[in-house]
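Undergrad: Please assemble the complex out of the two chains, which come individually in their own frames, going by the hints.
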Amino acid sequence: MKQIILLLLLLMAAPLHAGQKLLMVRVNMKAQQTMDVLKETVREYGYEVAHVQRCDGGMAKFHYKSDFYRVLFFGKLAEVRGILKAYPELAPFLPLKIAVIAEKNQTVLAAMDPTALARLYGHHPVLDVQFARWHSDLQAILEEMRTFRKPE
Amino acid sequence: MKRTLLALLFLLLPPSLWAAPDGKALYETHCSVCHQTEGKGGIGLPLTQEILEQLSDDYIAKTIRNGRPGRIMPSFYELSDAQVKAILQYIRGWSDKPAPVFPKVTLKGDPKRGKPLYMKHCKKCHGTDGSGEGSGTGVTLSREREFMVMPAALNNPGFQRSASDAMIADIIRRGRKIGHMPSFEGKLSEQQITDLVAFLRTLRPPPPIHGMKEWAGRPVYIMESPYGFKETVANLKEALTGANFRIFPTRYLEQGLADDFDVNKKQIGIRFCNFKELYHLLNIDPRLGTVLPCRINVIERNGKVILISPNVVEVARLFNNRELMEVAVVMEEIILDVMEEATL
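Quick mapping for you: the protein sequence lines, in order, are chains D and F.
Sequential numbering of the first sequence, starting at 1, is according to this note's numbering.
Sequential numbering of the second sequence, starting at 1, is according to this note's numbering.
Excised from the complex, chain F in its bound form (with noise of 0.2 Å):
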């Protein structure tokens, strides 16, 4: 009795936790939204030959437990290690050269005679504190191909964790045709690569970015007008393109799914957008859409009359960008300043 009702429990279980995971199934169910089919690249670095040849499955493995924080690639703690493998085994199927495998010994270089190193030869590509120059990350899902691969973080404590000394220092040697880093094999010795990498360890990632304490945690900025619903709503609207904003035609929130005579008309979204910005954020994060554009709700309800905004700044944190962080700080402001003129 006992076994076969253990038997029956167990086939009801999800197939991922006992049959062999499908390495395929796994890589478009979470990463070839960013990476593509078959690594072609997006959003994600691509994942071809080229680029495969040179990492070990070590830091693969690594980089999927890990992510990249502050970067977009997510970090995949809920895959179990037979799962990883198995995308591991697929996505190496894109590519007929065998892994290469590192030797897993700490490099011992002099940070301090890298130090210069890292100044003449990568600051210009990687930037002084190593956090990578230049807007986004990967490709971003809709810009040209011509500009596509962002040069790497690595004071990115996702890359610090996942790259051994042995594979930067090969990398360092051999260049990556991706992406256009030059090789620096008989430009620099072999102890010279070995100090870099040793200063390519003391760098440390920039501190976290915060919003304004006073709405720190909290889902929506929300402010109660002195003003009646429609006086509030033409205050609003004074604000926003005063701030140098275009605004859309007003929304009732229940538009479109509420017949024209029922509709609640004191639940209004006014839009609002700035189009040299959007540019902007888009090539910061081009999955922005999800919370564009920008809105702020006028409710009255039991004759109070409240204006409510999603916090920007918490909303941002759900992209793990940190470029998209520092903008959101700023609207965070912008809007707050918005907000407290139309109900002055």
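So here's chain D without its partners, still in its complex pose (with noise of 0.2 Å):
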């Protein structure tokens, strides 16, 4: 019997979604207005906007269509400063970003999964722990944003 209810808690925290290594969902909205849901989603999970970099300005000139390819920065100043005075050598990855490109009406996020990075650090304890949050919120976000019905 302990057998049965043991296998079955492991079923349940099997991760579904195991060994992504990229986030990324498609958004049936255009990406302005992806841009500002993503934005209040991101609030909502805690989180503040830290800034907007845009890398569509010099596209046009290289033949490309696509008119929005921005990266939403945002992260959690406590969480922030503690990591980076513990573990300076996670800066690289800090804050976290989603990017944001558009694909005529619809929209593709992406951001990189960071418990893809645990096996580079060592597999260190606090650090994972850390990176699966980050994880688990990402998807989150990302799923509310890839189910995301505009009000009518």
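Check before you lean on any hint, since a few could be wrong.
[Stated by the list, open to error] Below 27 Å or equal to it, Euclidean Cα-Cα: the simulated DSSO-like pairs (lysine-lysine) are: (1) F:LYS97 / F:LYS85; (2) F:LYS237 / F:LYS304; (3) F:LYS213 / F:LYS97; (4) F:LYS24 / F:LYS112; (5) F:LYS230 / F:LYS266; (6) F:LYS62 / D:LYS21; (7) F:LYS187 / F:LYS115; (8) F:LYS97 / F:LYS40; (9) D:LYS21 / F:LYS85; (10) F:LYS40 / D:LYS76; (11) F:LYS40 / F:LYS177; (12) D:LYS21 / F:LYS123; (13) F:LYS304 / D:LYS85; (14) D:LYS150 / F:LYS40; (15) F:LYS265 / D:LYS85; (16) F:LYS237 / D:LYS85; (17) D:LYS21 / F:LYS104; (18) D:LYS39 / F:LYS97; (19) D:LYS30 / F:LYS24.
No lab work stands behind these hints, which were simulated from the structure alone.
TA: Right, dumping it as structure tokens:
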């Protein structure tokens, strides 16, 4: 009996999207609108928007049709501060970011999966928990965006 | 009691583990980001009727499982058989033509006779070693739709494991409308087609790409500077300019999160970019925005000044894109040179 429960619990805990390295979703909205909703969603999860990087400035010159290619940076001050203090070698990956890429009337969102870093950081017990937390936030934010339906 | 408990636990399981899988939902979660809504094609190849009528269920299912190592398409080992089947059924719904079924026989051709045929008829598009010519794989997210479908990498282990001999022979005979592959019906005899397939089976993937041994498997490049904070920053900017990079305005790592007077001014990111290179890179993989622009951080901590950059080779590995790895290996050298110059 105990074994059955254990097995079931294990099954429940099994991550359904394990082994991903980039987290990506398609959103059924134009890019600017997607960016607005994304900012709101990120805030709902307790993050501050740090800034938006424009990558599309020079794109038109290079035959790109895409008029919108931006990256949203976001973080929690206390968290970023604490981590940089204890683990400055995490600096290149902070704050977190999500790329917002227009594809006609739809938009693709992409982010690096923080758990993909776990191996590189040698499965550090504290960092692993942090990566898992970021992973689940990013995953949840992206899932909300994917299923977002604009109010008519 | 036991039974109630079991039933309760069962109910607690995520629905994906007990309900019949929903093909549309699965497609939208796992595939549509690349293949677009209803398979119209994006960074992944189109999966429209014209394509689907030439692909067997077996090939599609195996492709989902195996992916295409080094060619963006991930492998979905974690999906159950029932889930793969549900995705397949959903995809098939876009086409009113039935799925082709090919015999599971190994065609017994002669690779030696197939080789000259390959060099004459296929090499131009699929490359001498079968790794597909031209940059990019499917359509890129933002590129003009006109130059979209790239020739398949025939030497890719994911393709080799997924495509049966009979299916490959059928594609050679009929060609492919999307991607402009011509039909060889009447131009090649059945024996010649069989020999060609035998030769394709001898194609091997190119060797894996590695970065510098010294930094392999490490998340970042990190160096200590013998100079003060300001001086190190100035050195770094000079070294970057010398390497033909454009430098963006400097940002504090906490900028936008902390108040101006509160922000830690001894933690900055120097962001840089080479626009010509950027164009090339985004053609190779439009998802690069997730790691751009390049950034080297300068941090003062306990009186020490350190330079830190992400390990671009390790980061590139996440994209499952061999072309990107090739660029990353070059970038690694440039970034390390710049960091060394700044700390010399």
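Undergrad: None of the hints should be skipped; say for each whether it holds.
TA: Evaluated hints:
no.	hint	result
1	F:LYS97 / F:LYS85	holds (18 Å)
2	F:LYS237 / F:LYS304	holds (19 Å)
3	F:LYS213 / F:LYS97	violated (52 Å)
4	F:LYS24 / F:LYS112	violated (45 Å)
5	F:LYS230 / F:LYS266	holds (9 Å)
6	F:LYS62 / D:LYS21	holds (21 Å)
7	F:LYS187 / F:LYS115	holds (16 Å)
8	F:LYS97 / F:LYS40	holds (17 Å)
9	D:LYS21 / F:LYS85	holds (24 Å)
10	F:LYS40 / D:LYS76	violated (38 Å)
11	F:LYS40 / F:LYS177	holds (15 Å)
12	D:LYS21 / F:LYS123	violated (33 Å)
13	F:LYS304 / D:LYS85	holds (13 Å)
14	D:LYS150 / F:LYS40	holds (23 Å)
15	F:LYS265 / D:LYS85	holds (14 Å)
16	F:LYS237 / D:LYS85	holds (25 Å)
17	D:LYS21 / F:LYS104	violated (34 Å)
18	D:LYS39 / F:LYS97	violated (44 Å)
19	D:LYS30 / F:LYS24	holds (22 Å)
The earlier numbered hints that this structure contradicts are 3, 4, 10, 12, 17 and 18.
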